[in-house]
Amino acid sequence: MGLIRKSLGVALAVPVGAVAYLTATTNVTTPLSADDELWAVKSFARFNRYNNPSIQDVAWKRLPLSKVRPELRSEEALTTEFCRGAWAGYAYTPQRILMALANKGPRTEGQLFDRQQLASSKYELGTRFSDHFEVVERTSNSITFRAGGSPLEPGPREMDGLFVVSAKVDKAAGTVDLCLKSTFFNSVERIHDWKKPAPFIAELLHRYYARAMVDSGVRYVT
3 MGLIRKSLGV
13 ALAVPVGAVA
23 YLTATTNVTT
33 PLSADDELWA
43 VKSFARFNRY
53 NNPSIQDVAW
63 KRLPLSKVRP
73 ELRSEEALTT
83 EFCRGAWAGY
93 AYTPQRILMA
103 LANKGPRTEG
113 QLFDRQQLAS
123 SKYELGTRFS
133 DHFEVVERTS
143 NSITFRAGGS
153 PLEPGPREMD
163 GLFVVSAKVD
173 KAAGTVDLCL
183 KSTFFNSVER
193 IHDWKKPAPF
203 IAELLHRYYA
213 RAMVDSGVRY
223 VT
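Numbers in the numbering used here are just positions in the sequence shown, counted from 1, shifted up by 2.
Any given hint could be a false lead.
Pairs of lysine-lysine residues, derived as DSSO-like cross-links and limited to a Cα-Cα distance of at most 27 Å, are as follows [as the list claims (entries may be wrong)]:
1) K106 x K124
2) K44 x K170
3) K173 x K124
4) K63 x K197
5) K198 x K44
6) K63 x K170
7) K173 x K69
8) K170 x K124
9) K124 x K69
10) K197 x K69
11) K124 x K63
12) K69 x K170
13) K44 x K63
14) K124 x K44
Here are the simulated distance ranges between beta carbons [claimed, not checked]:
15) R221 x P55: 31 to 39 Å
16) D195 x D116: 41 to 49 Å
17) D195 x R71: 42 to 50 Å
Source of the hints: derived by calculation from the structure; they are not laboratory data.
A quick note: this is a predicted structure, and the numbers were derived from the prediction, not measured.
Yeah, the Cβ is synthetic: ideal placement off N, Cα and C, and Gly gets one too.
When you get a sec, could you build the whole thing from the sequences and use the hints?
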């Protein structure tokens, strides 16, 4: 529940005007479709081996490709910079500071904690930050993070999760979709009552946190 609780705290601090802005400028789709690419990600099958019920959503924004900085118009470059903005920008700042205060030390030496580190990282496979996230898969247009606990303790978690940051360029349409996809589930044991790992209010507030992360990332690429 750690990540959801922290997300709750951040989301509750967002003023009403910001909620209205994020609703008007970003999109959320939930639940994900049965044929969504996330279900084919190796890490999902690996960590959710019991196929337990999950919280699932994707926050996204479509931009004209012409608004993206010219040097970022390839999917790989765009994905990396969008990812940098999502983690180094305003949306993650409160959580980043709290996690640095709680987790930064000799035990986590080598992990990323500072804004400058998150703003310049290449997010290669194995990158760890805030003692809470780890890059577990990477393609030319997506970066998959495991969340929900310390990367130093890689075993099953009651609140396990995956984030997929991606950029998809449609050159024919002249647009780009910038997305943050999330799923949370219990990876410790099989859930027989199909109860989700967090209450609906936490799920709802997470969607606005995800919207803010997308908005934050967009600001780095335009």
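Q: Kindly indicate which numbered hints from before are broken by the structure, ordering the numbers from low to high.
A: 4, 10
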